[in-house]
Amino acid sequence: MDLLSLKALPKAVQIKLLQELGYDIEGVYVFDKEKKAIHTDRYTKEKVRLDNMLIFPGSAIILDNNPLSIASYMEEYGGSI
Amino acid sequence: MSEADKIMENIAKGATKAVIETAEDQIPTLIQRLVQKLMDKDIAFIQDPKDIESVKEKKKLPEYKTFCKYISDPDLKIQFQMGLQLRELYKNGEYKKQDKLMDKIYHKYKAPGLHVAKFVCDGIFTKFYGNILEKSKTEEQLNFEINNFFKNIEAHTAFVQSKDSVITKTKEITTKILAHSPPIFIISCIIMAKKATQIKDKVMKSISDYTYEKYESEFKDREIFLILHK
Chain A
7 MDLLSLKALP KAVQIKLLQE LGYDIEGVYV FDKEKKAIHT DRYTKEKVRL
57 DNMLIFPGSA IILDNNPLSI ASYMEEYGGS I
Chain B
7 MSEADKIMEN IAKGATKAVI ETAEDQIPTL IQRLVQKLMD KDIAFIQDPK
57 DIESVKEKKK LPEYKTFCKY ISDPDLKIQF QMGLQLRELY KNGEYKKQDK
107 LMDKIYHKYK APGLHVAKFV CDGIFTKFYG NILEKSKTEE QLNFEINNFF
157 KNIEAHTAFV QSKDSVITKT KEITTKILAH SPPIFIISCI IMAKKATQIK
207 DKVMKSISDY TYEKYESEFK DREIFLILHK
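Chains as they are written, first to last, in our numbering: chain A, 7 to 87; chain B, 7 to 236.
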């Protein structure tokens, strides 16, 4: 699997990528268009900031970049990063 | 080969510069390709490869692999990994990051989860494992003791804070030991509180059939005693 650093993507491209996945931004946060709410990390329940997000495969899982969320994802999806 | 194809090829080679320099008219195609790769599980978008590597490295450690021989609970496995992460942050002097991670662990797993992580962070697992290994007569007993310890961490450990009263903590620890007769009980105290020895001495006077060992952690901010069943 390729790992692409979001730092390599201009902010405008990051936003377009999010929009393609059904999200948007609200201020500094990722916004879930379907739930009409700021998107929260599925493991820590914290609001996900655009400048600290991760997008992992598996129905495009958007997480906060921290060891607990990364380890939880690997545990749930069998360490497939 | 189209411009977008070249960019995707460069991404596969790790050449992220290509993405930054993508021409405006190629962006919609590029995004479609990236989304397709994501759906095909061929790409993950990260911040820094080091963040992913750091988590992966912990899973390769013999300490973690030993733990996994006995523990299958995914939450306990994550808590153990977080203990290893906390230890690394402490060693690197990244105390703010360590505090932030402890907050996240507490928020998700409450006190028991944080105590599993702190237990691992303090480096007590190898000492605990050696002791349980020595005492267990069968593989089944060894398995039971390790699972029982981690699944009921609150009955087997006391993490003493500066604000805690010696009398209250002593009572709490004595009650736990008398109620559960654990093979090992851990008292871990912030060294600045200077309470661990007092608490240990008072506990030892209230229980029988137990001895103790001071655990010399490489982390000098905690004083740790193992209360061991004879």
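The hints are simulated quantities; they were obtained by calculation from the structure and are not laboratory data. Quick caveat: nothing in here was measured; it's all calculated off a predicted structure. Cβ coordinates follow ideal geometry from the N, Cα and C atoms, glycine included. Among the hints, erroneous ones may be present.
Distance condition first, Cα-Cα at most 30 angstroms in a straight line; then the derived DSS-like pairs of lysine-lysine [said to hold, decoys possible]:
hint, chain 1, residue 1, chain 2, residue 2
1, B, 211, A, 53
2, A, 17, B, 47
3, B, 102, B, 47
4, B, 106, B, 141
5, A, 53, B, 56
6, B, 114, A, 53
7, B, 141, B, 177
8, B, 236, A, 51
9, B, 47, A, 13
10, B, 220, A, 51
11, B, 56, B, 141
12, B, 75, B, 177
13, A, 13, B, 103
14, B, 43, A, 42
15, B, 236, B, 182
16, B, 65, B, 177
17, B, 65, A, 53
18, A, 41, A, 51
19, A, 13, B, 208
20, A, 53, B, 177
21, A, 53, B, 182
22, B, 106, B, 83
23, B, 182, A, 51
24, B, 56, A, 13
25, A, 13, B, 177
So these bits of chain B aren't anywhere near chain A, every CB distance computed over 12 angstroms [claimed, not checked]:
hint, residue
26, 38
27, 40
28, 49
29, 80
30, 141
31, 149
32, 178
33, 182
34, 220
Sort out which numbered hints this structure fails and list those numbers smallest first. 1, 3, 4, 8, 10, 11, 12, 16, 19, 20, 21, 23, 25, 26, 27, 28, 29
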